[in-house]
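Asks: Required output: the full structure, derived from the provided sequences and hints.
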Amino acid sequence: MAMGSLPVPPFLARVEELRARLAELEALGTTQAREEAAAVREALEEEVRRVTASLTPWQKCLLARHPERPYTLDYIRGLFTDWVELHGDRRFADDPAIVAGFARLDGESVAVVGHQKGRDTKERLYRNFGQPKPEGYRKALRVMELAAKFGRPIVCFVDTPGAYPGIDAEERGQAEAIAYNLRAMAMLEVPIVVVITGEGGSGGALAIAVGDRVLMMEHAIYSVISPEGCAAILWKDQSAVQQAAAALRLTATDLLRFRVVDEVLPEPLGGAHMAPQLAIRTVGQAICKHLHELARLKPKELTERRYQRFRALGVVAER
Amino acid sequence: MMVWFRRTSREERPPSRVPEGLWVKCEGCREILYRKELERSLFVCPRCGHHHRISARTRLAQLFDNGEWKELFANVYSTDPLEFVDSKPYSERLKALRDKGLKHDAMLIGVGKLGGRRVIVGAMEYAFMGGSMGSAMGEKLTRAIERCLKTRTPLVTVACSGGARMQEGVLSLMQLAKISAGLAKLHQARIPFISVLTDPTTGGVTASFAMLGDINIGEPGALIGFAGPRVIEQTIRQKLPEGFQRAEFLLEHGMLDMVVPRGELKETLIRCLAHLAS
Ligand SMILES: [Zn+2]
Ligand SMILES: [Zn+2]
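In order, the protein sequence lines correspond to chains B and U.
With my numbering, letter number 299 in the first sequence gets 280, and the count goes up by one each step, no holes.
Numbers given in my numbering equal positions in the second sequence, counted from 1, plus 4.
One should not assume that every hint holds.
Calculated cross-link-like contacts (lysine to any residue; reagent style SDA-like; alpha-carbon spacing at most 20 angstroms) [as the list claims (entries may be wrong)]:
no.	chain 1	residue 1	chain 2	residue 2
1	B	Lys103	U	Thr239
2	U	Lys29	U	Arg39
3	U	Lys92	U	Glu75
4	B	Lys281	U	Leu153
5	U	Lys92	B	Gln219
6	U	Lys189	B	Ala165
7	U	Lys92	B	Trp216
8	B	Lys217	U	Ser91
9	U	Lys189	B	Ala293
No wet-lab data here; the hints were simulated from the structure.
Replies: Given below as C-alpha cells:
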C-alpha cells in the first residue's frame, strides 16, 4: 500500500494512518489482530465518510492527485486484454509520459491512449510526472490515426498536471504538437471516448481529449490552469490555492453543468484509490456503454456531432 | 450554447496602444521618436527596428486595402459564467474595458480586400486582458471560420495573447478545441489560413489556431511559445538562453515559415494567398 515519498494531504492524515494500521493488522493474521482490524475498519469508514462528506474544490484537487489513484496502465490491466503497447512518434523519440497501443475491450480491438504517471520516485522521474513532451502528443496521434485507418474506436485516459514546460519541449514545438492534435482529433472518423481520471491539466490534457464523449471521475479535476498557477498570477500569492481552486470551477459537477463533460462516474467512498478495482470496473462499464452508442453512427455523422459538441461550449452574450 | 440576445449598439473607436502625444520613447532603444514618424513606419522604430505592439484596429487598418474594412460579429461579448472574483469581480473588469471603448473583446474581426482579394482578418487586442482568449473570442473566431467556409474566403489571424482567459476557467480551454475543430473543416475544404504571430503569442493561443496556419509568419523579435519563460525558468531552475522563444528561434526550429518585418507583412500575405487561394 505504501507508495513512498509523495506527501499525504493533511486532511487525509487520519485516514492514511488508519489505512496503514489496517494493512498491518491484516498482514498479521492472528485472531487478536482480526478483531482489532474490524474496529479499525469501522473507524476508517467513519473517518472517510466525515472527510468526504463535503470536499472543497482544493481538497478535490488533492484527491485527484492522490499517489495511489489508478493510472492509465492500471485501467488497461484491469479492463482490457491483449494489450500491445506501441512506442515512439517516428520523428524524434518515445515519450514515457504517454502510453499508447491497442487492446481488446469485450473482445473488440480498440486503440488506447493515456497519460502515465509513476508510482515510485524512479518511475515518476521516468514518466516525467505525467507531463508529456511534443513527441508524446505526436505518438498519441500516430496511434489514433492508426485506429482511424483500421476502423478501431479510441479510448483516452487523461491524467496530467500539464504539458511539460521545458526548453527541449519548446524547441520541438510543444504548442504545435498540441494544436495539431486538436485539429486532427476533430477529423478522426472513429468513435472517441475520453475519461478524465485524475488531473485534467489544461492544453496538455485537452491534446488527447477531443472526444465524442468526455467522461469524468467524481473526484477528478479539469482546468485551464492549476490552482497554484492561478493563485500566483491572479492573487500574487502561491498560498491562495483554496480560493483559486474554488474560483476556477474545476470539479466534475461544475463541468457537467457547463456541458464540458457528458457524464460523471461515481468513485468508491473516499476516492478511487480506496477501492481501485471497483473504480476501474465503473469506468469500464461507462466506456462500453458509450462505445456501443457511438458504434451506431456513420463516420461523417460522428465527426459532425463531435464538431457540434465542442462548437456549443462556452458562454457568450449578444447585443 | 447559452446565448442571451440584447439590442444592437454601434461600437466606438478604442485608443491605440502607443500612447498619444507628439513624442514617444522607443521600447527597444529608448530613443525619443516623433510620433508621426513612428506611425508612418507602422510603429516599427526607424532607429532599432523594434516592433511596437499595436491595437487590433491599427493592425486591420494597416492590412486592408485603403484601410477599409467592415467589422464582423461585433455583437458577441463576454459574460461572467463562473462568477469569477479575484482582487475584483471579472464582470467589473469586463465592464471597465467596455466603458473604455474596447467592445470587441480580445479579437477584432474584419472583412475587406487584401491585394484586391476578399479576406477575413481576425486581429487580437492585447489591451483587452492581455489578449486572453475566452468564450467571446472563441465564438467570434469560430463564426469567422464558418463564414470563411460558407463564402470560400481565406482567413488571416494576427495573434497577440498571453493565452487562455483564466477567469472563464475550463470554458476558455474549450475554445482551443472549438476553434481547432473549425480549422479542421477549413483544412478539409482547402481554404487558405495564414497565421501571423506577434509579440507575445503564448499559451492556449499558440497551442491552437496560431500554430495551425497553412503558413505561419512571425514578427521580428516576437515572444512565441507554449509555456511562458518564467514558468520554464521555475521548472528547470536555470536561466534561459539568449533569444529563446523569439520568432527567429522558432524559425530556426522549424515552427515558422518566415519572420517578416511589419513593413513587408501585407505584401507577403498577398503573395502567399495568391499561391494558395483559387
Ligand atoms: Zn461492451
Ligand atoms: Zn528603437
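Asks: Hints first: check each against the structure and report whether it holds.
Replies: Here is what the structure says about each hint:
no.	hint	in the structure
1	B:Lys103 x U:Thr239	holds, 19 angstroms
2	U:Lys29 x U:Arg39	holds, 9 angstroms
3	U:Lys92 x U:Glu75	violated, 31 angstroms
4	B:Lys281 x U:Leu153	holds, 17 angstroms
5	U:Lys92 x B:Gln219	holds, 18 angstroms
6	U:Lys189 x B:Ala165	holds, 10 angstroms
7	U:Lys92 x B:Trp216	holds, 10 angstroms
8	B:Lys217 x U:Ser91	holds, 10 angstroms
9	U:Lys189 x B:Ala293	holds, 16 angstroms
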